[in-house]
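From first to last, the protein sequence lines stand for chains S and H. Following our numbering, the residues of the first sequence are numbered contiguously, the last one being 299. Following our numbering, the residues of the second sequence are numbered contiguously, the last one being 359.
Source of the hints: derived by calculation from the structure; they are not laboratory data. All figures in this text were calculated on a predicted structure; none of them were measured in a lab. Treat the hints with caution; some may be incorrect.
Said to hold, decoys possible - Calculated lysine-lysine pairs in the BS3-like style (CA-CA distance at most 25 Å, straight line):
| # | chain 1 | residue 1 | chain 2 | residue 2 |
| --- | --- | --- | --- | --- |
| 1 | H | K212 | S | K156 |
| 2 | S | K156 | H | K209 |
| 3 | S | K59 | H | K343 |
| 4 | H | K83 | H | K67 |
| 5 | H | K281 | H | K79 |
| 6 | H | K156 | S | K156 |
| 7 | H | K159 | H | K317 |
| 8 | H | K354 | H | K194 |
| 9 | S | K156 | H | K166 |
| 10 | H | K79 | H | K67 |
| 11 | H | K166 | H | K354 |
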Amino acid sequence: MSSLSSVASPAAVLPGSPAGGKRAARRVLPGFHLTLGYTVLYLSLIVLIPISALFFKTFTLTLDQFWVAVTSPRVLASYRLTFGASLIAALVNLVFGMLVAWVLVRYTFPGKKLVDALVDLPFALPTAVAGISLTALLAGNGWLGQYLEPMGIKLAFTPAGVVIALIFVGLPFVVRTVQPVLEDAEKELEEAATSLGATRLQIFTKVILPHIMPALLTGFAMAFARAIGEYGSVIFIAGNMPMISEITPLIIIGKLEQYDYAGATAVAVVMLVLSFILLLVINALQAWQRRNAGAPA
Amino acid sequence: MTSKFKIALATLALVTGGISSAQTLLNGSYDVAREFYKDYNAAFIAHYKKTAGKDVKIDQSHGGSSAIARSVADGLDADVVTMNTSTDVEFLANAGVVAKDWAKRFPDNASPTTSTMLFLVRNGNPKGIKDWDDLVKPGIQVIVVNPKTGGNGRYAYLAAWGYAKKKGASDAQAAEFVGKLYKNVPVLGKGGRDATTVFLQRNIGDVLITFESEVLSVNKEFGEGKVDAIYPSISILAENPVAVVERTVAKKGTADLAKAYLNYLYSDEGQEIAARHALRPRSQAVLKKYATTFKPVQLFTVQELFGSLSEAQKVHFNDGGQFDKLYTVK
Numbered sequence: 003m004s005s006l007s008s009v010a011s012p013a014a015v016l017p018g019s020p021a022g023g024k025r026a027a028r029r030v031l032p033g034f035h036l037t038l039g040y041t042v043l044y045l046s047l048i049v050l051i052p053i054s055a056l057f058f059k060t061f062t063l064t065l066d067q068f069w070v071a072v073t074s075p076r077v078l079a080s081y082r083l084t085f086g087a088s089l090i091a092a093l094v095n096l097v098f099g100m101l102v103a104w105v106l107v108r109y110t111f112p113g114k115k116l117v118d119a120l121v122d123l124p125f126a127l128p129t130a131v132a133g134i135s136l137t138a139l140l141a142g143n144g145w146l147g148q149y150l151e152p153m154g155i156k157l158a159f160t161p162a163g164v165v166i167a168l169i170f171v172g173l174p175f176v177v178r179t180v181q182p183v184l185e186d187a188e189k190e191l192e193e194a195a196t197s198l199g200a201t202r203l204q205i206f207t208k209v210i211l212p213h214i215m216p217a218l219l220t221g222f223a224m225a226f227a228r229a230i231g232e233y234g235s236v237i238f239i240a241g242n243m244p245m246i247s248e249i250t251p252l253i254i255i256g257k258l259e260q261y262d263y264a265g266a267t268a269v270a271v272v273m274l275v276l277s278f279i280l281l282l283v284i285n286a287l288q289a290w291q292r293r294n295a296g297a298p299a
Numbered sequence: 030m031t032s033k034f035k036i037a038l039a040t041l042a043l044v045t046g047g048i049s050s051a052q053t054l055l056n057g058s059y060d061v062a063r064e065f066y067k068d069y070n071a072a073f074i075a076h077y078k079k080t081a082g083k084d085v086k087i088d089q090s091h092g093g094s095s096a097i098a099r100s101v102a103d104g105l106d107a108d109v110v111t112m113n114t115s116t117d118v119e120f121l122a123n124a125g126v127v128a129k130d131w132a133k134r135f136p137d138n139a140s141p142t143t144s145t146m147l148f149l150v151r152n153g154n155p156k157g158i159k160d161w162d163d164l165v166k167p168g169i170q171v172i173v174v175n176p177k178t179g180g181n182g183r184y185a186y187l188a189a190w191g192y193a194k195k196k197g198a199s200d201a202q203a204a205e206f207v208g209k210l211y212k213n214v215p216v217l218g219k220g221g222r223d224a225t226t227v228f229l230q231r232n233i234g235d236v237l238i239t240f241e242s243e244v245l246s247v248n249k250e251f252g253e254g255k256v257d258a259i260y261p262s263i264s265i266l267a268e269n270p271v272a273v274v275e276r277t278v279a280k281k282g283t284a285d286l287a288k289a290y291l292n293y294l295y296s297d298e299g300q301e302i303a304a305r306h307a308l309r310p311r312s313q314a315v316l317k318k319y320a321t322t323f324k325p326v327q328l329f330t331v332q333e334l335f336g337s338l339s340e341a342q343k344v345h346f347n348d349g350g351q352f353d354k355l356y357t358v359k
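Here chain S stands alone, though its shape is the one from the complex:
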């Protein structure tokens, strides 16, 4: 609270004091200090404090116990599945989400509004419902599963099923981040490129892709992060076999079910740190891409 009041007061004085004393550079936008204070306070309340509680709980473990808890074979297998399946799902969404966004922006067709609204459905649907429906669809006696299984394609209760569930929940992130950027893209640039003799592929890779790349990466990062934390839709389709189809969130729930709070938070901390590193990498990639795209042109 003290941080808020101390930053709030200069902002309140600001309009009245034109020179602002020794204040070196006045910002054009008002209320920076106020908003910064608000941002820090809000992030603390909503994100930092709960997460620090998580870290404190793991401190009840010794380093050895922590290491054993987060590196037992079952847990290691679950990291591989969670991060691997999330990566595959996010990559699939990257490509197909972009396609969906493209079609929704550039083409008009009957029922477009309806399709547009459908994209958000995975956001709204309780994930457990998604998981159960997908399982009902893909299991050996399901609508699709009954045709796939005789061909030897087993999706439900395998890691492949996990990927499918994660694709489902991640789709809107890519579509919804790319769509507005595509809408703002200047068609004139493409027309100019065409008149200068660029092929369609060149237009896509040299004109459109650089423009939507930051949005694509954001969508990818969000879909990826969402997939790592996803629980509800996956447990119904995964089969939950140790070493094969147990996702990390299930390991955490399993530990909680057995009142192993510290062990559960230890695994959660590892997940959190890994996700944070991956998101940082993606952010860095984005910044690098923006610099690169901005510089030569």
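Mind docking chain H on chain S? Use the hints.
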């Protein structure tokens, strides 16, 4: 003005006083006991009115057994907990909200009802499954709950282990037997209901290992005649323990009510209601009356073979324990 205000205040006091005179009791319980306690509560309210002359209101909070235990430990004001594994009550005792000697506060290990693990097979028993030995045969698919995430799964595992031991197996042989059984498991359910769904709606597996009390709800939900219940020769006695939450009753002054509520579970009426919901009553008379529901099985207790559930937990289910070895040691 002021006199009107006073009257209003007095009425308010009267009204709220009238409400608070009817005590309320919150029962924290596991998911599938919802139906049972709905019937039981109605009977208890009538009984309490008759014997103590007081009206009571009973609220229920249901969830996964351990989820409920966690929220009670974290401050949910339940007056009593009625669970399906003693691990959950033990956890509350360690957290200091339930008396340390809770198991001695009520008769029969503070467990008014019990259940056991049995097999559900497809109608007509096409694979001819009769006993535990049939479950380890090649080509049989067994659906069972993951012992890491559900009490149902822990009991199924211990029942299989106990069967082997009762047949004279050494620990190593028992491990081998259980290992073979879990090799036949294509899907591990997350909880009891999840496993039932996989078996009946997804049509996966030849046999489902589950609580005896689950048979009734399967018949109710999926229709009679879809499954046959098979009683193995030997199975485990699963106790459903109950306890008073001392922290809550001290605060609310509901100690007597809570005690009366749990004691009534042992009465003939309480036992009959339990029997109607396929929970094995402790009362021999009631058990005999419902002999068609509760076929005789040779039952062993957790104490007899594993010491206690918490010891079984350490040896079998903790990280790196016997269950993990089934999957990690090849």
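task = Provide an ascending list of the numbers of those earlier hints which the structure does not satisfy.
result = Violated: none.
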